[in-house]
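Visitor: The chain contents come next:
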Amino acid sequence: MSKSDVTRRGILQGGAIASAGFAVPTIFSANRASAFTNEPTGSTATLGFNVPQTGPYADEGADELRAYKLAVEHLNGEGDGGMMNTFSSKALNGNGILGKKVEYVTGDTQTKSDAARASAKSMIEKDGAVMITGGSSSGVAVAVQALCQEAGVIFMAGLTHSNDTTGKDKRANGFRHFFNSYMSGAALAPVLRNAYGDDRKAYHLTADYNWGYTTEEAVRSSTEALGWETVNAVKTPLTETDFSSYIAPVLQSGADVLVLNHYGGNMVNSLTNAVQFGLRDKEVNSKNFEIVVPLYSRLMAKGAGANVKGILGSTNWHWSLQDEGSKAFVRSFGTKYGNPPSQAAHTCYVQALLYADAVERAGSFNPCAVVEALEGFYFDGMGNGPTLYRAKDHQCFKDVLVVKGKENPSNEFDLLEVVEITPVLQVIYPDDHPQFSGGALGTCNSGA
Amino acid sequence: MDAIILQIMNGLDKGSAYALIALGLTLIFGTLGVVNFAHGALFMIGAFCAVTISRILALSHQIIDESKTDFLGNPLKVDVPYVYEWFGSNVGDAIIDWAVPISIVFTIPVMIFLGVIMERGLIKYFYKRPHADQILVTFGLAIVLQEIIKYFFGANPIPTPAPSAFVGSFDFGALVGFDTNQIIYPYWRLVYFLFSAIVIAAVFAFLQFTTFGMVVRAGMADRETVGLLGINIDRKFTIMFGLAAAVAGLAGVMYTPINSPNYHMGMDFLVLSFVVVVVGGMGSLPGAVLAGFLLGVLQSFASMAVIIDLIPGINQVIIYLVAIIILLTRPRGLMGQKGVMED
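These protein sequence lines are chains A and B, in that order. If you're matching positions, the first sequence starts at 26 in this note's numbering and goes up one per residue. If you're matching positions, the second sequence starts at 23 in this note's numbering and goes up one per residue.
These are computed hints drawn from the structure, not numbers from a lab. Idealized CB from N, CA, C, for every residue including glycine. Hints are supplied without guarantee of correctness; some may be wrong.
So the derived list for chain A, only partly shown, Cβ under 10 Å to chain B, looks like this [stated by the list, open to error]: (1) 254; (2) 255; (3) 258; (4) 278; (5) 298; (6) 415; (7) 468.
Simulated pairs of lysine-lysine, DSS-like, Cα-Cα distance not exceeding 27 Å [as the list claims (entries may be wrong)]: (8) A:334 / A:307; (9) B:150 / A:94; (10) B:146 / A:361; (11) A:352 / B:172; (12) A:115 / A:307; (13) A:125 / A:137; (14) A:361 / B:90.
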């Protein structure tokens, strides 16, 4: 009997060496195959929060940043978990994202497209941000979204309401949770008909930039479909502060409704001027004169003070909602910061969680894997009811709130009341709708 | 016709603000020869004086109202203004309601003090420097001032309403025989126009009918000769800087009910006011006032829908267009005089 050289130990050793020999190139090749921009290789993953820290929307940006910090806390297992507890997906478990602790860097958009692109670029190139999120303007969102597409990182838009963000300027790497101008028009129109009837003459004042145009178009088409007549639509310069010259001729036009397609400081000033001119006390065409503000923001409503009382508009979310997700978020945010979150804070918080959840479900930070995980994702428990991230345009579809300036606020935050929750089926539209035509989503870019 | 009257009235209150700011700018330029780009910031600080006084008058202590809850479901903390306790709720309400007019009393000394500090602490070091240096330092100062205001008051506009007696509008058209609702005009804008007229008249009277004013006017015309007469013209010009700051501050205080003040409002007015000064004629006080009202009215006309339809974008360029035309035809502006502010 010959003695065999093969021993159990030898086989194990040989097997281990062989396995390692095969395994090493496999790991390398896997790395090469999944390499993407700013792949987190250490124990942390860095997110880039690009919000207006200076400029006219600095307060809104500060609220967005507060929300992002809260989201980071919750993702890292600190605090009460907020909406992670009510989110229908249970992929997040408070140990960061894919076991990596979440860290963040911040940038200042200044609500200027060039500054926002520069700060996003810096966060991607210098700080290694694997995802960029935030912003309070559609111009900024479109600019940063295009940059993220080129750079191969995911962009989770903050407050952006223009149709174009997920219309002609949509990108495969960009996702919007916030609602849009079309949805505002579709949600408002039936409420306006019930409140003011279907025989009305509307006069539009529209901020002279992209968001103003899409909002005017959306509200006009929705109200004209009801039977309202648009007697005039006047563009106002974005830099205008005194709208008296634009408001004074409204009554002479025979209009009995004024639609203010303004946001931010424009909205505060135009609404204040309109109320000063006593428009709401007038009777025209035997009807009470009414004012409509298509996009409301609590922070802006605060600036307009008592002038918002009784005025209808739409909003993405409001802290007074009583679903479990909203209550959990308001409790978490309010306990930490002493005031209820704004709609901008809400959408930013949700976007941060949705991104983290998508990475967990995809099992990778690779932008293309994240895109795949978010496309067609259906979720609930985030404050807006059942929500779909539509694959074709990366727009979230969910219920839209129609709100009214509260007549008797009980505290300084109690400025708006929800008058109707418009169901998602009423605000959904085909992805080739004329208001969203042009542009193509393209394919995701991982930066590889 | 009613549309024309309406836009003239609109232009008057807009022009009032331009005229008041341009008047202060001209006073400073005419006396000290300084191009003060921080003048818009003084207008803004005046507005925030009103915000501050409103907040001081509404200072409160909190009581717990167990019957109501806050947004977190905790018992609501209700603010009770001290003026309610000191003077009763009726008088207390009236004091808070009239906060903006009351602010005028406090704003005048604050703005004069601020103006004097600005002039003595910074601007006097730039008298002999080129205008470009003066513009840079005063523009930098304006940015610093607005960032300080933003730090304390935030970036959002802060509603500062007019007394309830002046809320709403009156039907001017019905008064003069037009149909109702054709020419409406807010009460507070009328108050603003009248207030501006009074301030402008007071400044002119001060310069025209007082010895101090006579010396200042003489100094504006020939500083060196006045100095040779043994008069400390520098001190008088410092006081004029304070006066100009007070005029800008008053314009800001009374403007708060028209538009909720924010930290950027000074910059919004600054460039237009400089155009007003140039169109009126550098160093000409009547020119500044005339140009202020003229450009305010023209801007209102250019904002009419029919005009915008005819010439798109005219509402954004009208003031600059008029400035170019006037400077081409009258290089010294409407009321600028030969030899004044010229080398």
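Visitor: With reference to the structure, classify each hint as holding or not holding.
Guide: Hints versus structure:
A least Cβ separation of about 16 Å between residue 254 of chain A and chain B goes past the 10 Å threshold, and the interface hint is therefore violated. For residue 255 of chain A, the suggested interface contact is broken, since its CB lies about 13 Å from the closest CB of chain B, more than 10 Å. Taking 10 Å as the C-beta contact cut-off toward chain B, the hint placing residue 258 of chain A at the interface holds, the least distance being around 9 Å. Here the hint on residue 278 of chain A is kept, as its CB sits about 8 Å from the closest CB of chain B, short of 10 Å.
A least Cβ separation of about 7 Å between residue 298 of chain A and chain B falls short of the 10 Å threshold, and the interface hint therefore holds. At a threshold of 10 Å, the smallest CB-CB gap from residue 415 of chain A to chain B is about 32 Å, leaving the interface hint violated. Below 10 Å, beta-carbon pairs count as interface contacts, and residue 468 of chain A has none with chain B, the closest being about 39 Å; its hint is therefore violated. A hinted pair counts as satisfied when its Cα atoms are at most 27 Å apart, and residue 334 of chain A with residue 307 of chain A qualifies at roughly 16 Å.
Only pairs whose Cα atoms come within 27 Å are accepted, and residue 150 of chain B paired with residue 94 of chain A is rejected, the gap being roughly 51 Å. Under the criterion of a C-alpha separation no larger than 27 Å, the hint pairing residue 146 of chain B with residue 361 of chain A is inconsistent with the structure, at around 48 Å. A C-alpha spacing of about 32 Å is found between residue 352 of chain A and residue 172 of chain B, which places the hinted pair above 27 Å, so the restraint is violated. Our distance criterion of 27 Å between C-alpha atoms is broken by residue 115 of chain A and residue 307 of chain A, whose separation comes to about 54 Å.
For the given pair, residue 125 of chain A sits about 33 Å from residue 137 of chain A by alpha-carbon distance, which is inconsistent with the 27 Å threshold. As the CA atoms of residue 361 of chain A and residue 90 of chain B are separated by approximately 22 Å, the hinted pair is consistent with the 27 Å bound.
Going down the numbered hints, you'll see the structure goes against 1, 2, 6, 7, 9, 10, 11, 12, 13, while the others check out.
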